[in-house]
Amino acid sequence: MEPNRRTLFKMIGAAGAAVAARSASAHETPAPPPDAAGLLYDATRCIGCKACMVACKEVNNLASDPVSRGGLYDDPVTLSAYAKTVVKAYWKEGANAYVKSQCMHCIDPACVNACMMGALQKRAHGAVTWDGSRCIGCRYCAVVCPFDVPKFEWASAFPKVVKCEMCAPLVAKGELPACARVCPRQATVYGKYTDLLKDAHNRLKTEPDRYFPKVYGEHDGGGTQVLYLSKADVSFQDLGLPALGDDPVPQTQQQVQEGIYRGFIAPISLYAGMSVVLWRRRTQKKEENA
Amino acid sequence: MSAHAAPIGGELWTRPYKFLAALASLGFLLMAWRYLQGLGATTNLNDGHPWGIWIAFDVVTGTALGCGGYAVAILVYLLNKGKYHPLVRSGILTSALGYSLAGLAIAIDVGRYWNIYRVQFFFWQWNLNSALLEVALCVTVYVGVLWIEMCPVVLERWRDGANPSLKRFASRTLSVLDKFMIYIVALAVLLPTMHQSTLGTIMILAGHKVHPLWQTPFLPLLFLLSVCGMGYAVVVFESTLSSWLLGRKFETTMLSALARIMAYITFAFLLLRIADLAFRGVLGLVFTSGYLSFFFLLEMALFLAPSIMAFQARVAANAGHLFQIAMMLLLGGALYRFDTYLVAFNPGPGRAYFPAVPELFITIGLVAVEIMAYIYFIRRFAILPAEAPAKAGKRG
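Top to bottom, those sequences are chains F and A.
Per my numbering, the very first residue in the first sequence carries number 47; after that it's consecutive.
Per my numbering, the very first residue in the second sequence carries number 55; after that it's consecutive.
Excised from the complex, chain A in its bound form:
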């Protein structure tokens, strides 16, 4: 595997990196404030809107953006499309980071955090009817699974390093890992299939509080389909962006094939979405729901436009267009989640929510941590495909 990938090296403490570090520090300071003063002092959450941006963005959207590893694993391991193999590692890395930080966001969001450990250990108290419990357990295990999948990256470095005892330990562990890795990979496909669909199921229970354009028994399937589309979009997005930033050759052929897969999934999503509205007889609401109509149509446009673009040969051969396609689809998927959890959630008159400044900066801090960790890993470990850099002097 190491033949495919190599660390890109280079200076870590660049100016943008320091800026990210500043944002992250601010985020951590605000987190401390949240723990000292409580949620009321630091957020705009209220009894009508008990869930805000930390759930809708950091957890629900964040883990969806962390499904790059899931989407690529299906292609490479299950459908045996070996040509996508170079994308596996960065996909898994983003997933590991995205899910870990979603876990942290949950620890910040829950009010009685000192009881969190009970969810994992007090199995005799589990309410097996709770969709949220399934998500909580799946996500916990999946974070572990993702970091196990990341282990070879670190171990390979030790194996090829100078320290003889680390070398021995690494090669021994690698051969053990190699034996049971397929069962881990199978788990890494099963778990997101379960909890990403259940993230949709969760809102079915909110019933009439979620606007009928979004509230449907098909939420789990719609969430699953859209997360697959987003997973591939993340890979395209990330690969294009890092090629561009690092002055590398774009992997256009592979990515345009990926974009077409993505488009098929998105079409399936749109078909189900519209058929469901028609079947429930609420198609009329598409144009008569005020600002919610706007958000619905925006969602549709953000799904439809990139899917059509992906089938045009001229567009799909261009890295810039591929980037736009991925970007739109990510925004569409994110908006679909925001709408279901926040925008179309109406607890009744007199209730409003917009995130408070500290709330936003905690989220921004978490994203900064994620980007910093990603940069650290691709610079120091074999994540990205090994390739002669297009520009000289980029390699450290």
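If we strip away everything but chain F, and leave its shape as in the complex, we get:
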């Protein structure tokens, strides 16, 4: 009895050591893929015309939103299965701005980490795209996305997950994403990720009075391929963007999972230990009976 119990405690100790070892293995901060493209949205340029929303609907064949205005006037108020991008207004005495929302195409996306079968993955140019043949519709992606992006066709008996894919099919044909193509003020521009980042910092440097002094998405949540600039007197949280800190969103969970399961050592030793204990006990019992 005693040696067996000791074995059990030893096993628990081994599992604990594996958890402790997690601090030793630092999670590498992922870099954007070399061909990464992105969008740069400049709230100081946006006039809220919603041309991007219309163009997005057209190229993505999205139905008009039956929820907001009974289907007569298509005016989605938030991202949904009917809208992959939405422009909203922030309105306060003395300070107001528009903000465009769509997938942020995170450098280390929570949804991609969550997705069991890799339906959501970072594919060409680092765009997070959805492969319906792999998706079982569990909606874990929607639970974990810090920007509340992946949407579900609730009204359908054969639902799809709907999200901005940075117009991956158009980009593959050498065209621009619809929102960037139609923007009359170039509030949304599409380009190489590194160029956009440089451009954003240039704008901050040349017109410091015009801008809130930060490029949102450069580091936030581990970095996103969609970058935001805001007006000097409007913070990014005013625009509805979450304060995430600089660590990649999936980092904590990955560290915990890796700590427990690294090399599958803990589960295997737990199983082996238990089998030995049980086997020994059965042999003992047989001897007693003999």
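FYI, nobody ran anything at the bench for these hints, they're computed from the structure.
Hints may contain errors.
What the hints assert, rightly or not - Coverage of chain A stretches by chain F, computed from C-beta distances (three or more under 8 Å per stretch; other residues unrestricted):
#1 124 to 135
#2 176 to 185
#3 260 to 267
The model shown is predicted, which means the values in this text are computed figures rather than measured ones.
Heads up, the beta-carbon is just placed ideally off N, CA and C, and yes, glycines get one too.
Knowing the structure of chain F, use the given hints to seat chain A on it.
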């Protein structure tokens, strides 16, 4: 093993049983509706709350309530506490039923159910970073493991029956099963340890959407500790309830010892829970989080009260009090899961969720199926400890 247990017999189609059957039928009708009309028509799930009661109750809480088999297996097989052996079979039966129905609930909940089989078979597409994948695979295998553990119950009946070919088949299979059963039992301890903790890990990824009183890197350990407590509570609950309903003698001595084990685990849980809050510097939120403070404190009370009660000799010797202790702990564990998955999950302003009526009745239907199956098994198969019934005429 059969010396310990015997079917309790008796009439199956009693009035309560018919009522359960009606609830189950309603549940299945609503399920058909869900498949024809989609999730939007039958549930209140929405883009802010993509997971509702089917995940928080049927899957996360349901499998935790199905951990009676796990908890007792640790005691009996691993820690060699043979005196609890009479509780093993009903524990495993509840687990097998709870997990099977959780599996069914998942099939109802996922939107693109026609792709489910890929999770088990398309291993080259597995995303090994996905905590949910681990849970899905563990649960699939564990359902199989539990029914293998249940096999001897059916085989013993055949072996002791009249049909000679069934007799031969049963005794042969039983001796084969007996040889590798220890490896199955080891698996039956490993798998819940893995996926019950990972059910906590799953919500770490939701980050700031889960209120800081619940969101912590220690979620897996907290989920594991609380599930062990709930596992023992389920056994106490079930044993007391069936003794009472069937007019049998209460197994008070054994159950009060179990309640004390349960209390030690719960104390460890509470200690970790509070230490974690203190370490993260969010203890202040305990009283300043509005209705979430209420739920947090209710949780604490439901864990703390039964743990203290379990150590009072007077209380622990009384079957009624033991039942209350188990009940509170089950509610506490369930609430902890509901809070983490639903109540403390805030996707942002303008989003609300409360289960729709069809959604609730599908869950109720599933619970009815579970109870019906449990009654069927204890009446027809050797699950509960064999014992002279206290009241005459109960045995069929």
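Verification of the supplied hints:
1. 124 to 135: Result for this restraint: holds, n = 4.
2. 176 to 185: Answer holds; 7 residues pass the 8 Å Cβ test.
3. 260 to 267: That given contact holds, which follows from 4 residues of the segment 260 to 267 of chain A lying within Cβ reach (below 8 Å) of chain F.
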